[in-house]
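Those protein sequences? They're chains A and B, same order as listed. Numbered as in numbering that gives the first Met the number 0, the first sequence ends at 193 without a single skipped number. Numbered as in numbering that gives the first Met the number 0, the second sequence ends at 264 without a single skipped number.
Keep in mind that the hints were calculated from the coordinates and are not lab data. By construction, the Cβ of each residue, glycine as well, lies at the ideal position given by its N, Cα and C atoms. Take the hints with a grain of salt, since some may be wrong.
To be clear about the criterion: a stretch of chain B counts as covered by chain A if any three or more of its residues have a C-beta under 8 Å from a C-beta of chain A, and this derived list gives those stretches [as the list claims (entries may be wrong)]:
1. 49–63
2. 127–135
3. 164–178
4. 190–200
5. 206–214
With a straight-line Cα cutoff of 30 Å, these simulated DSBU-like cross-link-like pairs (lysine-lysine) come out [as the list claims (entries may be wrong)]:
6. B:LYS213 <-> A:LYS107
7. B:LYS100 <-> A:LYS138
8. B:LYS147 <-> B:LYS194
9. B:LYS88 <-> A:LYS138
10. B:LYS194 <-> A:LYS107
11. A:LYS186 <-> B:LYS240
12. B:LYS240 <-> B:LYS147
13. A:LYS138 <-> B:LYS240
14. A:LYS186 <-> B:LYS213
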Amino acid sequence: MKKNLRLRSMIAIAMLSSISFVLMLFNFPLPPFPAFLQVDFSEVPAIIAAITMGPVAGILVELLKNVLDWLFSGSPTGVPVGHMANFATGVLFILPVWWVYHRLSNAKGMTTGLILGTISMAVGMSLLNYVLFLPLYVKFMNFPVMSGEELYQMIVLGILPFNLLKGIILAAIILLLFRSMHRWIEKQRAVYLG
Amino acid sequence: MMEKMVFGRYIPGDSFVHRLDPRSKLIFVFIFIAAVFLANSTVSYALLLAFTLMSIFASKVRIGFLIGGLKPVMFLIAFTFLLHIFFTKEGDLLFELGFLKIYEEGLRQGIYISVRFLVLVLMTSLLTLTTSPISITDGLEVLLNPLKKVKFPVHELALMMSISLRFIPTLMDETDKILKAQLARGSDISSGTMKERIQAVVPLLVPLFVSAFKRAEDLAVAMEVRGYRGGEGRTRYRQLKWDWRDTTALLILLAVIVALWFLRG
Numbered sequence: 000m001k002k003n004l005r006l007r008s009m010i011a012i013a014m015l016s017s018i019s020f021v022l023m024l025f026n027f028p029l030p031p032f033p034a035f036l037q038v039d040f041s042e043v044p045a046i047i048a049a050i051t052m053g054p055v056a057g058i059l060v061e062l063l064k065n066v067l068d069w070l071f072s073g074s075p076t077g078v079p080v081g082h083m084a085n086f087a088t089g090v091l092f093i094l095p096v097w098w099v100y101h102r103l104s105n106a107k108g109m110t111t112g113l114i115l116g117t118i119s120m121a122v123g124m125s126l127l128n129y130v131l132f133l134p135l136y137v138k139f140m141n142f143p144v145m146s147g148e149e150l151y152q153m154i155v156l157g158i159l160p161f162n163l164l165k166g167i168i169l170a171a172i173i174l175l176l177f178r179s180m181h182r183w184i185e186k187q188r189a190v191y192l193g
Numbered sequence: 000m001m002e003k004m005v006f007g008r009y010i011p012g013d014s015f016v017h018r019l020d021p022r023s024k025l026i027f028v029f030i031f032i033a034a035v036f037l038a039n040s041t042v043s044y045a046l047l048l049a050f051t052l053m054s055i056f057a058s059k060v061r062i063g064f065l066i067g068g069l070k071p072v073m074f075l076i077a078f079t080f081l082l083h084i085f086f087t088k089e090g091d092l093l094f095e096l097g098f099l100k101i102y103e104e105g106l107r108q109g110i111y112i113s114v115r116f117l118v119l120v121l122m123t124s125l126l127t128l129t130t131s132p133i134s135i136t137d138g139l140e141v142l143l144n145p146l147k148k149v150k151f152p153v154h155e156l157a158l159m160m161s162i163s164l165r166f167i168p169t170l171m172d173e174t175d176k177i178l179k180a181q182l183a184r185g186s187d188i189s190s191g192t193m194k195e196r197i198q199a200v201v202p203l204l205v206p207l208f209v210s211a212f213k214r215a216e217d218l219a220v221a222m223e224v225r226g227y228r229g230g231e232g233r234t235r236y237r238q239l240k241w242d243w244r245d246t247t248a249l250l251i252l253l254a255v256i257v258a259l260w261f262l263r264g
């Protein structure tokens with residue numbers, strides 16, 4: 000039984016990536032924010048992967064989901080900037096959750112992890128957008144260059160509150176899910192990490 | 000929506016482009032994306048556009064299909080075009096109407112960027128339209144093989160990709176079934192307030208996760224029973240074959256790049 004654990008977790012990661020990809024198709028914008036900022040529930044399977052099989056599994060789910068989405072729907076800029084940003088967002092969100100839950104495996108640990116994950120996602124993505132993703136968009140799409148002031152405004156008024164809100168929505172779902180799946184999650188954890 | 004997504008965007012066919020090896024198509028598209036940024040004059044952009052149209056012709060993909068896939072991008076293209084028209088104020092004044100002033104440079108930049116966009120989107124769409132996701136995965140695995148030297152798990156990643164791809168249709172069916180079952184109980188995830196949506200998505204996710212882990216167990220046993228031992232010495236059902244077409248396609252691309260280099264302004 001123990002022997003095929005590596006293969007088993009690889010397959011479980013693949014399955015969770017497919018779920019994540021399907022969930023990504025049900026994305027929707029949040030009304031006050033610009034349309035390229037979209038919410039979807041695809042981070043949830045990555046969280047499940049991270050807490051049951053470790054952080055690498057979670058990162059792999061994020062990676063595979065984005066590769067799948069790129070294969071299926073392509074990227075408007077040719078260069079998948081949006082997919083890279085989505086990958087970074089996901090990883091920033093799941094790592095703190097794994098880190099806390101790994102040390103405190105109950106509802107309290109999960110809540111703390113999700114709060115930290117939301118903060119790390121919102122702050123991390125604001126920084127990454129400032130130094131990397133928005134400048135990349137400007138470069139590839141030849142938008143007129145945004146001044147430092149405009150970039151700053153966009154991030155403080157758009158990216159930061161958007162990611163906070165997205166984190167809160169995801170946290171609500173994961174906590175609801177956690178309530179009904181806690182025992183099952185612990186069982187999988189014992190199998191894959193134990 | 001479910002039915003439409005099952006096979007992705009791949010349209011089976013028997014054209015020159017369809018028959019190319021996925022490896023050469025991937026190399027082609029990656030080099031092409033880089034080459035697009037070489038163009039900076041009217042002639043060079045015209046060449047890019049002509050070359051792209053020629054490739055579409057060679058793939059025998061119906062134009063309607065490509066246009067259909069372009070709809071979401073069209074908005075983006077129109078937006079950047081207008082941005083340039085209104086905000087780039089260089090060169091001669093071409094047109095004036097009240098506060099609206101269109102300059103030569105603005106129009107030029109707007110057209111250049113729209114063409115760049117169009118060409119990038121058309122070429123990457125052509126890759127996914129003429130190559131099935133599974134052959135793209137096969138192609139990527141072989142192309143990334145050199146990374147094995149630095150202990151990068153190329154084979155494992157490719158295996159996970161193939162399994163994911165194989166199970167997307169199954170999962171979509173399953174999602175569809177659960178959605179309908181939930182709909183029959185009066186819960187709907189595609190409408191309602193944020194709170195209702197969140198509450199509706201949980202009963203959808205629980206059975207999906209549980210069955211994913213169950214499947215992983217079964218599939219792992221099934222694979223080991225059939226002698227799966229990882230990537231070392233594995234033989235393949237789908238063989239990749241590089242032939243004259245692939246060499247020709249890459250040579251044509253090389254010629255286009257040389258031409259672009261000389262046509263730069």
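Cross-check of the supplied hints:
{"no.": "1", "hint": "49–63", "result": "violated (count 0)"}
{"no.": "2", "hint": "127–135", "result": "holds (count 3)"}
{"no.": "3", "hint": "164–178", "result": "holds (count 6)"}
{"no.": "4", "hint": "190–200", "result": "holds (count 4)"}
{"no.": "5", "hint": "206–214", "result": "holds (count 6)"}
{"no.": "6", "hint": "B:LYS213 <-> A:LYS107", "result": "holds (28 Å)"}
{"no.": "7", "hint": "B:LYS100 <-> A:LYS138", "result": "holds (25 Å)"}
{"no.": "8", "hint": "B:LYS147 <-> B:LYS194", "result": "violated (47 Å)"}
{"no.": "9", "hint": "B:LYS88 <-> A:LYS138", "result": "holds (19 Å)"}
{"no.": "10", "hint": "B:LYS194 <-> A:LYS107", "result": "holds (22 Å)"}
{"no.": "11", "hint": "A:LYS186 <-> B:LYS240", "result": "violated (46 Å)"}
{"no.": "12", "hint": "B:LYS240 <-> B:LYS147", "result": "holds (21 Å)"}
{"no.": "13", "hint": "A:LYS138 <-> B:LYS240", "result": "violated (37 Å)"}
{"no.": "14", "hint": "A:LYS186 <-> B:LYS213", "result": "holds (13 Å)"}
Violated hints, listed in ascending order, are 1, 8, 11, 13; each of the other numbered hints is respected by the structure.
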